[in-house]
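Novice: Which chain is which? The protein sequence lines are A and B, in order.
FYI, the numbering used here numbers position 49 of the first sequence as 49, with every residue one higher than the one before it.
FYI, the numbering used here numbers position 47 of the second sequence as 47, with every residue one higher than the one before it.
Quick caveat, the hints were computed from the structure, so don't treat them as lab data.
You may find that some hints are simply not true.
Facing chain A, from chain B, some residues (calculated, C-beta under 7 angstroms) [claimed, not checked]:
no., residue
1, Ala53
2, Ile78
3, Phe80
4, Thr118
Restraint-style ranges between C-beta atoms, simulated for each label pair [as the list claims (entries may be wrong)]:
no., chain 1, residue 1, chain 2, residue 2, range
5, A, Gly78, B, Ile172, 48 to 58 angstroms
6, A, Glu51, B, Arg95, 17 to 27 angstroms
7, A, Thr21, B, Asn134, 17 to 27 angstroms
Just so it is clear, CB atoms sit at the ideal spot from N, CA and C, and this is done for glycine as well.
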Amino acid sequence: MINVRIPTPLRPLTKGQGEVTAQAKSIAEMIETLNASHPGIKSRLCDETGELRRFVNIYVNEEDIRFLKGKETSLKDGDEVSIVPAIAGGSSCRT
Amino acid sequence: MTTPLHIPQAILDDMVAHARELDPYECCGLLAGINGTVTQIYRVTNIVALEGAEKLSSFDPAKAAHLERLSPAERAEIAFVMDMQDFSAAKKDIRNKGLDLQVVYHSHPHDPARPSITDIKIATDYEEIWPKINLPIPDYLLISLMDKSKPDIRLYKIKDGNVTPAHIRTTI
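Extracted from the complex, chain B is given alone in its bound form (with noise of 0.2 angstroms):
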């Protein structure tokens, strides 16, 4: 098994929050951190709504056109983009803390905290290309919202198109 990782009870607070301020639509973000220990919560936009968004993302077709039929705001409760604005400001703060990035995270409102078949493709994808900016290839984490009152947060692994659970240590 490997080592779990530790995400303090703060940081986990504020990914939930972050996930039931949005909700009912999707909220992305990143952590980082260093030694297997997250210390830091990056919230990104998501900008699914954007017209286009889903045509330069790596979305397959069916989900592509899935999405061109939904509203702007149906698309949020379905699916997110992130910003790669707030995600080039997250990865230069992360490395002029000398820290890593550790995890990509984005909520399920309606469904459960486990990788859609869209997000594992998408991870799939971007096996390729983190090496390619100089970042290690992170974990991914669901908060789930299913149960208002008890959101659910799983870990996982995502590699080859294979989805491994992974674990979390959190402390006060």
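Okay, chain A solo, but in the shape it has when bound (with noise of 0.2 angstroms):
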């Protein structure tokens, strides 16, 4: 089993937990198996053509995927997956 850590954005998808466990050997196999369990998830995390898109990053066991094998990084029982949302802010909302 892999533990998958669900960043604050994502945890309307699933019910509110911020950790959840998928059963998959690799990046590409644990967001199919988040999509079926917790529908709408892939599409936030990846575009059309199935990248992962500009302003998230996954990190197994605090690496980061993108320098690793990106999505066919291989993953093992226990491995720790970190969903991260990109870093944000802004001024105050101007209507």
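With the hints in hand, could you dock these two chains into one complex?
Specialist: Set out below in structure tokens:
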């Protein structure tokens, strides 16, 4: 089992859970598995071509998958995966 | 009082130049260094104008809804979302050079150099993320361009939703 940390903006899709588990051998498989149990999560993480969106990072045991094998990065039992949203901010709302 | 963060003038100038180049849009980036001295600046692309960016950032629903009503250009005047490809490249370089992440900076082209409610909320959300990606909790630096001839630069610590001013020491 893989433990997946879900960031605040995606928790509405996981019924508020900050951590979920998935059975997967790669990041690509993990995304499909998560999408089956939490529909909509894949389109938030990947664009139409299946590439990871530029405003999200995925870390496996603190290592960025962009510097591993991307979505083909393999997973093993007990791995900790963190989905990390972009750092953001900005000035006060103007209407 | 905590020890002031040492930011060499050349790096401050580079950061202000970044803010001015993107004005009226917000700029964002990272500062890294060692032993309380900044040695490296990383400009990061502001991708708030990308479709869907506001949905996967930690904006609260009201701010995200507000951003969605704006044009891409209007969004970039009042918000930033870091390009995480740039962020990853910077993180890797920081690690390779044996440095620490010290500061997340961004500009407020039209507003004062103090964290907005959005800035505070996202910084607070991020407190639990930094250790998971093996980085220390950074300080936050704001550059206001309200007075174009005299940018206002201020540093803060944000913890548990509380904002504390921090000090900068500059040398040429």
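Novice: Per the CB criterion, is threonine 118 of chain B less than 7 angstroms away from chain A?
Specialist: 6 angstroms, holds
Novice: Taking the Cβ atom of glycine 78 of chain A and the Cβ atom of isoleucine 172 of chain B, is their distance within the range 48 to 58 angstroms?
Specialist: For isoleucine 172 of chain B against glycine 78 of chain A, whose Cβ atoms are near 52 angstroms apart, the range 48 to 58 angstroms holds.
Novice: Is it true that the C-beta distance of glutamate 51 of chain A to arginine 95 of chain B lies inside 17 to 27 angstroms, as the hint says?
Specialist: Between glutamate 51 of chain A and arginine 95 of chain B, where Cβ atoms are some 24 angstroms apart, the hint holds.
Novice: Take the shortest C-beta to C-beta distance between isoleucine 78 of chain B and chain A; is it under 7 angstroms?
Specialist: Holds: closest Cβ of chain A sits about 5 angstroms from isoleucine 78 of chain B, inside 7 angstroms.
Novice: Quick one: are threonine 21 of chain A and asparagine 134 of chain B within 17 to 27 angstroms, going by C-beta?
Specialist: 22 angstroms, holds
Novice: Would you settle whether the hint for alanine 53 of chain B is holds or violated, based on the nearest Cβ-Cβ distance to chain A being less than 7 angstroms?
Specialist: Status holds, d = 5 angstroms.
Novice: Holds or violated: the hint that phenylalanine 80 of chain B contacts chain A, with Cβ atoms closer than 7 angstroms.
Specialist: 6 angstroms, holds
Of the numbered hints given earlier, the model fails none.
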